[in-house]
Amino acid sequence: KNQVEQSPQSLIILEGKNCTLQCNYTVSPFSNLRWYKQDTGRGPVSLTIMTFSENTKSNGRYTATLDADTKQSSLHITASQLSDSASYICVVSPRTGGGNKLTFGTGTQLKVEL
Amino acid sequence: ETGVTQSPTHLIKTRGQQVTLRCSSQSGHNTVSWYQQALGQGPQFIFQYYREEENGRGNFPPRFSGLQFPNYSSELNVNALELDDSALYLCASSLVAANTEAFFGQGTRLTVV
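Residue numbers (my numbering), protein chains in the order written: chain A, 1 to 114; chain B, 1 to 113.
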């Protein structure tokens, strides 16, 4: 069973609309939870990084939330743009082992249409 | 751009061959991590190098090996290639401390035929 699960698997929205992506994780204890944006065939680009003591972090039109009690996170995208079309991946960094040994979810594939 | 460069960008190899992938880390970063990303999947952690020593390994067989050089650049070597090794290989540059940002290269697309 994947330690980081995301939903939905894919999503299509109209330009200008908002959307929320979900992440449930079982990695414990963990140092931080991150959201990355990955364009097809490219490396992931960081959107937000939250430690276990934080419950929200914003980066422009992206807002991530974290509930460490329920082991859930969400990424909210406001006023979507065509360029937001990409895979959005939830990533957890375990506290044990140190460093940036990241556990990735399988991602939510977002498509923004006119 | 993240300042992390990988080479080559694309590669085609035959089953049983060996391959070396390269990664130049971002200036000031002492840690490089390698990930394998199969089509439609999230990246899977292969191993991490910190100051030229392996500093953690994921669930990959010994035919996946690596090196880190004094300038913190890194190589990923895969021996006896199998068809299932076809994937996007990503390296990430960071500091070793937790909660620090990891910057990814654009990846190397390896196809094994």
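Bear in mind the hints are in silico, worked out from the structure with no lab data behind them. Virtual Cβ for every residue (Gly too), placed ideally from N, Cα, C. Heads up, a few of these hints could be off.
Unchecked claim - Taking CB as the label site, the calculated pair distances span: (1) A/Gln22 to B/Pro70: 22 to 30 Å; (2) A/Gly16 to B/Pro70: 32 to 40 Å; (3) A/Ser46 to B/Ser73: 18 to 26 Å; (4) A/Leu114 to B/Pro61: 27 to 35 Å; (5) B/Ile12 to A/Thr26: 21 to 29 Å; (6) A/Arg61 to B/Arg63: 29 to 37 Å; (7) B/Ala38 to A/Ser46: 32 to 40 Å; (8) B/Ser65 to A/Ser46: 24 to 32 Å; (9) A/Leu114 to B/Glu53: 30 to 38 Å; (10) A/Gln22 to B/Val113: 32 to 40 Å; (11) B/Asp84 to A/Glu54: 36 to 44 Å; (12) B/Leu39 to A/Leu11: 38 to 46 Å; (13) B/Ser27 to A/Lys111: 30 to 38 Å.
Claimed, not checked - Calculated Cβ distances over 12 Å to all of chain A for the following chain B residues: (14) Arg22; (15) Leu88; (16) Asn99.
*Where does the structure disagree with the numbered hints, that is, which hint numbers, in rising order?*
The structure conflicts with hints 1, 2, 4, 5, 6, 7, 9, 12, 15 and 16, although it agrees with all the remaining ones.
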